[in-house]
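> One-letter residues, chain by chain:
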Amino acid sequence: MNGEFAIEAHGLTKRFGDLEAVSHLYLNVPRGQIYGFLGPNGSGKSTTIRMLCGLLTPTEGSATVLDTEIPADARLLKPKIGYMTQKFSLFGDMTVFENLQFIAEIYSFPTRQRKARIEEVLDKYDLVNQRRQLAATMSGGQRQRLALACSVLHHPPLLLLDEPTSAVDPQSRRDFWSSLFRLAEGGTTILVSTHYMDEAERCHRLAILDHGVKVADGTPADLQQSTGMHIIEVRADNPYRAQAVIGAIPRIASVTQLGVRLRVLMPDTIVDPVAIVNNELRKAGLDATAIASTATLEDVFVAVTLKPARHAA
Amino acid sequence: MKSLSRILAILRKEVRQLRRDHLTFGMVVGLPIIQMLLFGYAINTDVRNLRTAIANQANTHLSRQYVAELGQTQVANIVYEVGTPQELEDLLRQGEISIGVYLPRDFDRRVVDRTRSAVHLLVDGSDPTILGVATQLRSMPIAFDSAPTVNTGPLLIELRPYYNPERRTPVNIVPGLIGVILTMTMILFTAVAIVRERERGNLELLINTPVSSAELMVGKVVPYILIGMIQLALTLAVGRLLFDVPVHGSILDLYLAAAVFIAANLSLGLLISTAAKTQFQAMQMMVFILLPSILLSGFMFPFDGMPRFAQLLGELLPNTHFIRLTRGIMLRDAGIGDLISEVVFLIGFTLVAMTAATLRFTKRLD
Chain E
1 MNGEFAIEAH GLTKRFGDLE AVSHLYLNVP RGQIYGFLGP NGSGKSTTIR
51 MLCGLLTPTE GSATVLDTEI PADARLLKPK IGYMTQKFSL FGDMTVFENL
101 QFIAEIYSFP TRQRKARIEE VLDKYDLVNQ RRQLAATMSG GQRQRLALAC
151 SVLHHPPLLL LDEPTSAVDP QSRRDFWSSL FRLAEGGTTI LVSTHYMDEA
201 ERCHRLAILD HGVKVADGTP ADLQQSTGMH IIEVRADNPY RAQAVIGAIP
251 RIASVTQLGV RLRVLMPDTI VDPVAIVNNE LRKAGLDATA IASTATLEDV
301 FVAVTLKPAR HAA
Chain L
1001 MKSLSRILAI LRKEVRQLRR DHLTFGMVVG LPIIQMLLFG YAINTDVRNL
1051 RTAIANQANT HLSRQYVAEL GQTQVANIVY EVGTPQELED LLRQGEISIG
1101 VYLPRDFDRR VVDRTRSAVH LLVDGSDPTI LGVATQLRSM PIAFDSAPTV
1151 NTGPLLIELR PYYNPERRTP VNIVPGLIGV ILTMTMILFT AVAIVRERER
1201 GNLELLINTP VSSAELMVGK VVPYILIGMI QLALTLAVGR LLFDVPVHGS
1251 ILDLYLAAAV FIAANLSLGL LISTAAKTQF QAMQMMVFIL LPSILLSGFM
1301 FPFDGMPRFA QLLGELLPNT HFIRLTRGIM LRDAGIGDLI SEVVFLIGFT
1351 LVAMTAATLR FTKRLD
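For the record, the sequence lines run as chains E and L.
What the first sequence shows, in the working numbering, is residues 1 to 313, in sequence order.
What the second sequence shows, in the working numbering, is residues 1001 to 1366, in sequence order.
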């Protein structure tokens, strides 16, 4: 039992007709950590999660999830995982308590434990006052807490969360993440997909997906240190014109405007990139200064999704 | 044990949701009553009060007496008196009347001679039912009071209408209507049962739990069997109170027959549910079952009179077999044992449809 990894994916591939949604994905998710999937819509995050819980059959490849072979033994995995769908999937015409009760019955809780456990999660996820409220009438944040409460009700050692925070406000997102940290401290492995950089930064490890391909993975700090890029920040009075000037410099990887600032990425093989940029700006007569900066996750994301070699493949 | 608790969980959930779904709940009670009233009062093959016009050119005592008797039959409702047969034809063409009665000037003499027709009936023959009823008018005797009654002798063929001596249409309609109502509601409820959960996203959650396909199917079907039974009771009560439709046979047999029929329809509904992607598609598929269940099951038209191909199609429909059961039990005092082949078909149908639905419903999204 207890291998080092909660999830090991071996070349998972899923094709829908001509579209390759997920392409030869290799993945190692350590136990007891929060592992993030970062990627834009359509990058294959949901498809991967669905393959990992046995909802979709991989076209190629396989995975070992909690020592269970997927897709062969997906049935045995069901009681051991908690899954939170991207879209709210609980019953809107039932109350919070009834939804929890239903889930408890489905997972065959003994009657005596059932009540205690439901009360416990109601309390833990701040749903005590909503217990008699119909799920359909709750706010986005409340629904999300209910969905999380339902998915952890049976103490699963692995949680798969598909963009759990896409429909909630920032405060609810913060609360939600502190719940996830508490669960992880309790030993639960959590796989969470997101397209928010700040959420990705909170993960212990993460994989960046783009067009079904894993383009990078590691801890957020590792990823930020190994972009292979110089990161330069430019402050300019006229960022729009400055962007055009910098974009014309040979071997520039990308220029992104953030308000009055520009984030410039150049391959780290270039010597003294700040001087090059400042020089060009001066030549164009622009009032702007470039300084060296350190990579944020957003820079990492831009850097790894820009690699031309991948597009050629 | 665990399986039972999961089935009960699904069952409880279905009942809970059903209780809150006022539209569906209303349909459970409303649909049978409305259908009974509509079909019971509107469908009437026992035609009366056909609009009739008279052109009485003879205008003698005898002819007037004939017209008066015609009015008393209740078949003809005399709405016009006109002068010429041409006017009768005009009224017929305009759809004002269904029957035109022309009594020629020499009506009295024709009645006596019996060589030429004394009465001309102009009938809108485009509706066979009206034509059939009008034909009965030919048998009305016409004779002078003083004339000796002509003894026509005993009839060669005597007609004895069994089981429905008063020839009331509801007696025939109601047992069949039970089948139509149950077909409509049972298939409708289950056809949308799984599709709705798919549309709402609930299914993705459900199939990630330890619930098996068979448990889900059983849990979804059982509450509706009970609802079907309530509908049956309701329909029987309305049939009894409003249309005086009897139940000659055993009420227990009737409920047994209904139980297997309901199970057959629910399984069919589930099968539709696994094939349809949206609730709208499920509805469309349901119409494909419902229309033949009304037209080819023997509910509307006598089964024996249908073309061979239509009969073969009809034999595949659960309603055809159920109508034979209800008519047998309710009207002819047949026991369920007399009609066991129909029951066997319904059980077989249920098993096949349920197995197909369970196999088709994979716990996957692809």
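Because the hints were derived from the structure by calculation, they are not lab data.
Think of the CB as a built atom: it goes at the ideal place given N, C-alpha and C, for glycine as much as any other residue.
Don't take each hint at face value.
Claimed, not checked - Computed list of lysine-lysine pairs in DSS-like fashion (alpha-carbon distance at most 25 Å, straight line):
no., chain 1, residue 1, chain 2, residue 2
1, E, K78, E, K115
2, E, K124, E, K78
3, E, K80, L, K1002
4, E, K87, E, K124
5, L, K1277, E, K115
6, E, K87, L, K1277
7, E, K80, E, K124
8, E, K78, L, K1002
9, E, K80, E, K115
Claimed, not checked - Facing chain E, a subset of chain L residues (Cβ under 8 Å, in silico):
no., residue
10, Q1017
11, R1020
12, G1026
13, R1138
14, I1207
> With reference to the structure, classify each hint as holding or not holding.
Structure-based check of each hint:
{"no.": "1", "hint": "E:K78 <-> E:K115", "verdict": "22 Å, holds"}
{"no.": "2", "hint": "E:K124 <-> E:K78", "verdict": "24 Å, holds"}
{"no.": "3", "hint": "E:K80 <-> L:K1002", "verdict": "16 Å, holds"}
{"no.": "4", "hint": "E:K87 <-> E:K124", "verdict": "22 Å, holds"}
{"no.": "5", "hint": "L:K1277 <-> E:K115", "verdict": "37 Å, violated"}
{"no.": "6", "hint": "E:K87 <-> L:K1277", "verdict": "18 Å, holds"}
{"no.": "7", "hint": "E:K80 <-> E:K124", "verdict": "21 Å, holds"}
{"no.": "8", "hint": "E:K78 <-> L:K1002", "verdict": "14 Å, holds"}
{"no.": "9", "hint": "E:K80 <-> E:K115", "verdict": "21 Å, holds"}
{"no.": "10", "hint": "Q1017", "verdict": "5 Å, holds"}
{"no.": "11", "hint": "R1020", "verdict": "5 Å, holds"}
{"no.": "12", "hint": "G1026", "verdict": "15 Å, violated"}
{"no.": "13", "hint": "R1138", "verdict": "64 Å, violated"}
{"no.": "14", "hint": "I1207", "verdict": "7 Å, holds"}
Hint compliance for this structure: hints 5, 12 and 13 are broken, all remaining hints hold.
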